[in-house]
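Starting from the known structure of chain X, arrange chain C on it as the hints suggest.
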Amino acid sequence: MSKKIDINVRHVTRIEGHGNIVLKASDGTIEKLEWQVPEAPRFFEAMVRGRLWSAIQVIVSRICGICSVSHSLASIKAVEDAMGVQISEQTNKLRMLAHYGEQLQSHALHVGYLVAPDLLGAKSVVPLASSHPDAVKTVVAIHRAANQWIELIGGRATHPVSFKIGGFGKLPTEAELTGLKRSLEDTIPKLQIVADLVLSLANKLPNFERKTEYIALVEPGRYPFYHGHIGSTDVPSMVDIHDFELVANEYVLPQSTAKWAKWHRDSYAVGALARYNLNADYLMPLAAKTAKAFGLKKGCCNPYMNSVAQLIESVQVVERALRFIDELLDAGIKQETPHVTPRAGVGVGAVEAPRGILFHRYAFDEDGRCMSANICIPTNQNHGNIQKDFEALVPQIMDRSQDEIRQMLEMLVRAYDPCVSCSTHYLDVKFV
Amino acid sequence: MSKPRVAIFDFACCEGCQLQIVNMEEEILDLVSVVEPVEWREAMSDHSEEYTIAIVEGSITRPADEERLKEIRGRAAILIALGACATTGGVNKLKNRFGLDDVKHCVYGNSGDMPHLDTAPTKALDEVVKVDYKVHGCPINNKELAHIIRCLLIGKQPTIPTYPVCVECKMKGNICRYEYKEICLGPITRAGCEAKCPSGGFWCFGCRGYVDNPNVNAAQDIMKYYGKTVADLRGRMLLFGSKQEHTI
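Protein chains in written order, with our numbering: chain X, 46 to 477; chain C, 95 to 342.
Looking at chain X on its own, in the form it has when it is part of the complex (with noise of 0.2 Å):
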């Protein structure tokens, strides 16, 4: 029997960013299938050139909307790391703090209204609210008190305001501290309602494998999300983050114009699923309970679970963040003046945002302007494994109508969570 599949997905919705899906076949010889990236470059590390070490964070927080305290902090450290500045252990855990905020507003955002559509077969998360009210309403809830979380500590939501280098700008008050340990306390249970959604629909996620490399930050006997070193789950040692170029090995592909990495094979993913193969013995009680009740085994392979390891990371940072209040009330909050002298250097900052690992590096001169800057995204980082899952999956799947083979195309870019608009923008290229 002669098929013709012709899939052209321009603009994939339900994601941050532009991406397209291409798909040519007849007979079940694929003659094309590619993830393009269309999105229009924005050259961020061109134009920080010259700026000053204290404006750095501003600019570059608005590569991404969703991740900007990633990026805020990312370059927040690299900037430190380079002028030798020295942060308080309060400075530290604030921040690690607002960090966790940002990975429950953006994985409530993802699981709750981009990828549950696809799981209760609706176009948006629209329609969901007449046919699925309880359940929204608990998601914006959710997401809410994770957005008011990050103004808490961060001034403001998107686009976070009272980080400084060195410390921050307007510290929370005890009280309200305390109310946000109230309000985390009020969100687990709403958590494991949408950890109960999702597990009953998890039969509607692809059983696809793939076997992969995945790269996220380690730290001995911890689930790090600010701290550690780069690991992965093909080689046992672990690379410091000031090598970063060593493992990315970003390249330019007609196709995109973001740039690709790879590093032990023909490409990795970063993300929730690479932080939880990685670091899943370290869980929480609770978190580690949710996996444990969605059975998601430690080398999982399937990247449409990234959603489900998104689900558990959510319980873990809400965990995490109520015993830092806990520690930060015990110790009482100290006002703090933050204080640099800028200096020439080079500076390394390494977080991982909601997607996946992120990079920052930046060389200042002796009056700290900017002098250059290489920026290495999670969702580059998961552009070439994307490709590669398609290659991987579509001929698994060439049996099925084409409506369902772009659903399930689109599915899987989705469940990558990509971040387009920050992935459009690099520096540094080794060239395949």
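A hint or two may mislead.
Unchecked claim - With a straight-line Cα cutoff of 30 Å, these simulated BS3-like cross-link-like pairs (lysine-lysine) come out:
#, chain 1, residue 1, chain 2, residue 2
1, X, Lys-342, X, Lys-249
2, X, Lys-168, X, Lys-249
3, X, Lys-209, C, Lys-266
4, C, Lys-275, X, Lys-379
Bear in mind the hints are in silico, worked out from the structure with no lab data behind them.
Then chain C, alone, in the frame of chain X:
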């Protein structure tokens, strides 16, 4: 009365302003009861070529994007520019301070000449098409967007502040950033943001563009009083004001 059809589009940006629509949380459900969203790629799989109101985020950086924007303009009775990238070019205009070849090779190395990486000088939307309403800010204040849409629905002209950020900052009781030896663009920047940055402990970087008729003399007095220069202030204006004319 049928609900006006609304479509949301984006060009070069971080999509953080669309996120502020999502961040309206339950209030979106109220909005959906008075307008009909027919296309919003970031949140919906629906597509439509028929809409009355187009809300457009992002800057224009490629000839093909100019054409796409003109098509959107041609279909929409009302076009709203959403956020600094759309209203002024935002941080994207920092690119225009460099040569295009330079920025391409800085970011993509030897691959910078590949045709798909081509870029043009960054433009705000009103440099390409007529814009009916501007929602300023990076990110926007979603209360202001809701206000503009409400006004639109009842045929009333929205009120956008014509006073500087200092007014809102003082109302919040903040200590002036100049007392912290910082250079803040509050005296010359359009208010409407509820002074989020100075309230959070950061200087204003002017994301809402310059206020109409700024009190230049007062701004110069502030510079003098705190031992700063107008050149310092202009240096700060670059971040979000690379296109705008200096007002001081």
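Hints, verified against the model:
1. X:Lys-342 <-> X:Lys-249: Holds, at roughly 18 Å.
2. X:Lys-168 <-> X:Lys-249: Given that 30 Å is the threshold and the Cα spacing comes to 15 Å, the pair holds.
3. X:Lys-209 <-> C:Lys-266: Cα-Cα ~21 Å, so holds.
4. C:Lys-275 <-> X:Lys-379: Roughly 22 Å separates the two Cα atoms, so the pair holds.
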